[in-house]
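A.B. asks: Residues per chain, in single letters:
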Amino acid sequence: MTVDNASFAEISNGLVYASIAVYALAMLAYAAETARRATSTNSNAVLQGSRMIPSPAGGARMTPDQLGLPRAEPTDPRPKAAERTRVLGAVGTSLTVLAFTLSVGGVAARGLAADRAPWGNMYEFVLVCGVAAGGAYLAFLSRQPVRALGVWIVGLILLALGLAVTVLYTPAGDLVPVLDSYWLVIHVAAAITGGGVLTVGAVASGLFLLRHRLERLNAAAPDARRRGYAASLPPAKTLEQVAHTAHMFAFPIWTFAVIAGAIWAENSWGRYWGWDPKETWAFITWVFYAAYLHAQATAGWRGVRATWFALAGYAAFLFNFFGVNLWISGLHSYAGV
Amino acid sequence: MTFSVSGRGINAVGTILVAVGALSACGVNTGGSPTATRGVVDEVAVDDRISVEPFTGTLLDGKRFDSRDLAGKVVVYNVWGSWCAPCRSEAANLEQVSQETKELGVQFVGVNVRDNDAAARAFEDRYGIAYSSISTDTSGKALLAFGPALPPSAVPSTMIVDAEGRLAVRIIGPVDATTLGTLISDTLAEATDGTAEPAR
Amino acid sequence: MTSVRNVGRNAGPSLAPDDGKQDDREPRRARVGWGWFRWIWRTLTSMRTAVILLVLLALAAIPGSLFPQRNVATDPAAVDKYAAENPNLAPWLDRIGFFDAYASPWFAAIYVLLLVSMTGCVLPRSLRLWRATRTPPPVAPRNLARLEDHHGWETDREAPMLLEAAARHLRKRRFRVVVTATEVRAERGYLREAGNLTFHLSLLVLLVGIAAGKLFGFEGRVAIAEGGTFANDRSQYDVFTPSAWTDVDDLESLSFRLDEFDVDYQVAGANPGQPTDFTAKVTVQRGNDPTPSQETVQPNRPLDINETKFFLTGNGYAPVVTVRDGRGEVVFTGPVLFLPLDANNSSEGVVKAPDAQPTQLAFEGLFLPTADVGPQGPYSMFPDTLDPQLFLTAYTGDLGMGDGVPQSVFALDRDELSQVEVDGQPINQALSVGESLVLPDGQGSLTFDGVSRFANFQIAYDPGKEITLAAAILILVGLTSSLAIRRRRIWVRILPCTNDEPRPGTQDESENDLSGKRSLIEVAGYSLTRRQAPPGEIGDLLAALKGLTGPGLVDPHADTASHKETST
Chain A
1 MTVDNASFAE ISNGLVYASI AVYALAMLAY AAETARRATS TNSNAVLQGS RMIPSPAGGA
61 RMTPDQLGLP RAEPTDPRPK AAERTRVLGA VGTSLTVLAF TLSVGGVAAR GLAADRAPWG
121 NMYEFVLVCG VAAGGAYLAF LSRQPVRALG VWIVGLILLA LGLAVTVLYT PAGDLVPVLD
181 SYWLVIHVAA AITGGGVLTV GAVASGLFLL RHRLERLNAA APDARRRGYA ASLPPAKTLE
241 QVAHTAHMFA FPIWTFAVIA GAIWAENSWG RYWGWDPKET WAFITWVFYA AYLHAQATAG
301 WRGVRATWFA LAGYAAFLFN FFGVNLWISG LHSYAGV
Chain B
338 MTFSVSGRGI NAVGTILVAV GALSACGVNT GGSPTATRGV VDEVAVDDRI SVEPFTGTLL
398 DGKRFDSRDL AGKVVVYNVW GSWCAPCRSE AANLEQVSQE TKELGVQFVG VNVRDNDAAA
458 RAFEDRYGIA YSSISTDTSG KALLAFGPAL PPSAVPSTMI VDAEGRLAVR IIGPVDATTL
518 GTLISDTLAE ATDGTAEPAR
Chain C
538 MTSVRNVGRN AGPSLAPDDG KQDDREPRRA RVGWGWFRWI WRTLTSMRTA VILLVLLALA
598 AIPGSLFPQR NVATDPAAVD KYAAENPNLA PWLDRIGFFD AYASPWFAAI YVLLLVSMTG
658 CVLPRSLRLW RATRTPPPVA PRNLARLEDH HGWETDREAP MLLEAAARHL RKRRFRVVVT
718 ATEVRAERGY LREAGNLTFH LSLLVLLVGI AAGKLFGFEG RVAIAEGGTF ANDRSQYDVF
778 TPSAWTDVDD LESLSFRLDE FDVDYQVAGA NPGQPTDFTA KVTVQRGNDP TPSQETVQPN
838 RPLDINETKF FLTGNGYAPV VTVRDGRGEV VFTGPVLFLP LDANNSSEGV VKAPDAQPTQ
898 LAFEGLFLPT ADVGPQGPYS MFPDTLDPQL FLTAYTGDLG MGDGVPQSVF ALDRDELSQV
958 EVDGQPINQA LSVGESLVLP DGQGSLTFDG VSRFANFQIA YDPGKEITLA AAILILVGLT
1018 SSLAIRRRRI WVRILPCTND EPRPGTQDES ENDLSGKRSL IEVAGYSLTR RQAPPGEIGD
1078 LLAALKGLTG PGLVDPHADT ASHKETST
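Residue numbers (the working numbering), protein chains in the order written: chain A, 1 to 337; chain B, 338 to 537; chain C, 538 to 1105.
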């Protein structure tokens, strides 16, 4: 390893730590925003506040956040407080963008340090998956009213990065020969990208369930003025739409990841499918999401029940990512912990 | 011409399924359990026989082997290894039948596989094997030469090639003297329609 | 978007969550006698059943990943080990197939039912799609204003010219277009349903490919020391696992010699001792080709000879030894495969000399590529051969090979063997290359001549994998298009304004009187999928038309449209 590589490795570590720090600040900002909203608004106010403004052509939907407009919260009696809440949210988003950029830099420096695609061991997988989740969230934020997801997604990324630097850290180095394949780059990149988008879908799904419950209670007893976290969320319909879009986008990517993995397995072990635990859980994840997509087209299952399948799929994904690597031994064990 | 190993007529053979038990074949088994293969005699009807491709090799005594030198003879090939326990149980039978059929122009050739020459020679020494064997280094060609007809598929296995150079019989698993003798005399008997003498 | 979707149970499994919008009609009443069958069939092919079966499939796949599996795990002895550790539980788990979960009847039942359900649903859909592609886009609804994206304005330009312009605009954007005297009907996105069907039918093809491999292919394994040869005959395999209909007498005719096997390890850096390269150099002799060829085999770079593939999947050391017996005769010479025990390649193995005389000889030993002796005894410090040593003990007696029962080359049957002793202690000696272990009383000796390596090859032949790959690609293409393509319709209608008809948005009477024949031009879009039509599509059409008509007066329905948007 040359001096250059070593210094890249150090730069990478520095950037990763910096991104953790900034993500922590972003989460604080988001959390403060969420807390203020939850205590200062009722469901009606937020319903209007998160209404989308139609674009001139009537196609694209944009949010006040995205357009940089002040949030219209006409029923909030304290405009100053509302303004402060809004600023907190904007600060959270800005910090998230910064932290995301830092983590991208960290991953890139890691790649330069090792002279290869920077996803060759568990530490790097988790790092890149954090980047993918952050990127997916920001991409959604530019087109959909998903800022309410921010605090959760940033929280998850922080958890993942924290785990990466404390438990999973591996010095930058060469791959074991069996991982030295361009199918590694393709397969893992697809799996991680899919995972990032699935994370957005899972958070949206979870919040949808919360919000849906509130709306059902509200419909049953319209006079009760319910406050609290669920009341501060965007309408269930919006959350469901966000989740659906995320899953529709992620599902083909995940499918591709599984297929690419099978091709690599064929190229490496002589069989494209062998029910290795990793393969099995990728399959389980896929089937749960397939059940979700089908349930979304089934009368009586659309909405809440379908959403549970999506969450089951995400649980399977997480188990595959952490559980299988840590607890179950299989051919993928060499990925290293 | 008739030939009988143990007083039984040659027509008694027909299709024999030699019960050699489940553990008939050897294998280098990392798992510890032996490979189970059916112990079977495959007799090929004259019209269905396929020629064994000509092949060459080096014998354990250092001499060169060329299957074409044996044209016109009935040849018995035995695939074996010194590491293979069932090969030990059949070694004496093979040597016995080889002596009994020598005068009839039958030639025995060993095909030593997955072995080393020193161990193979020590094996021949212990069991008093007089016919020579193709050494491990060059035996791959011999194995593949049988491919178009019937490949050996196991250790030990024994193949009888008729006077026309076609595979007549394949025996998978260890063989007993009676069965082998009968099968050889069957193959020889076919040749009496033409000439019993080697065509050389 | 607020339209109510009516997805009946006959909508069938589909990845298009919006298919309820299609004109699926209720199936006709069951005829007497067929009632039960039709009921079962309809239940089986319903979407609800498909979802339940999918969830069951996911759940049924779980046990196989948690319990050791036969024919699956990397460790072939895993099931036996588990059974030994859980003697009470294991027989029950075995009875319900948990050790061979993916070949178990319950797993098969679920996926077979799922496939039947899917096929029963997809085939009728193919028919409907076929009819739909031959049907022109439908007549515009009477009240276009009720659609999601509606725009209308008045113009005095001639209707045929405008309609033709709209048709041209839409055709250029690959809409299927029908023009009548008063309206343009356009539809796009037929490929969506085609993609959906492709996806589902390809799953069936995928299964055909898997079945072909499972029925005609084989897997095998062989370990070859440097200098060793392999001929592709079943007898040469260490392990050979044929499928039900594999023709084991018709293997590809080939042989190869392992000329050299190179392994490199990281010496310094972050992970010292981690292997960086495995390269096997082989000379391959193909069946009918008289000239041999030089090839290299590396991880992820298998040797592929006519679909029979050799994958480099493992390696280890093969110490080269010479054994002399009590007569002084050489009874063994060559490499002996030792099985690696740990990451630093401590390896164990046995040397058998069953033809040594007067007594048979056997040696059991530990090979350490970089030997050191610690408090726990000898161990290897590094996986490469920096200081190779062979720690040996010796046996005499009967190896137990004479009775014809096959035995492993990696283990001794000690029943009839006795350990060679010196001064009452079992003989135990460490050898460096060139040194010999000489047994007492002239019983024989073993010389450590050198170190060779062996490579472990995984051999696979799967005649179905091209079918499987093609199916997988079709699955991906079908899936992506069924999720990405949005099927939608656009109508443009031009009707003359009559006096009875209210002219929305036209407040200025005098302006209206300027022309005798004014028309109301309406444009509306409708998405047949859950997702909205691509934004801007209607906008572009409006811009094109307004370029011809002028901006028009007031857009009478703009508000309606935006209200609908917000509720989405």
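None of these hints come from the bench; they were simulated from the model. One or more of the hints may lead you astray.
To be verified - Derived DSBU-like pairs (lysine-lysine); straight-line CA-CA distance at most 35 Å:
1. C:751 - B:478
2. B:439 - B:410
3. C:709 - C:751
4. B:400 - B:439
5. C:751 - B:400
6. C:709 - B:478
A.B. asks: None of the hints should be skipped; say for each whether it holds.
C.D. replies: We went through each hint and held it up to the structure:
no.	hint	verdict
1	C:751 - B:478	holds, 30 Å
2	B:439 - B:410	holds, 11 Å
3	C:709 - C:751	violated, 49 Å
4	B:400 - B:439	holds, 20 Å
5	C:751 - B:400	violated, 45 Å
6	C:709 - B:478	violated, 67 Å
In this structure, the earlier hints numbered 3, 5, 6 are contradicted, and the remaining ones agree with it.
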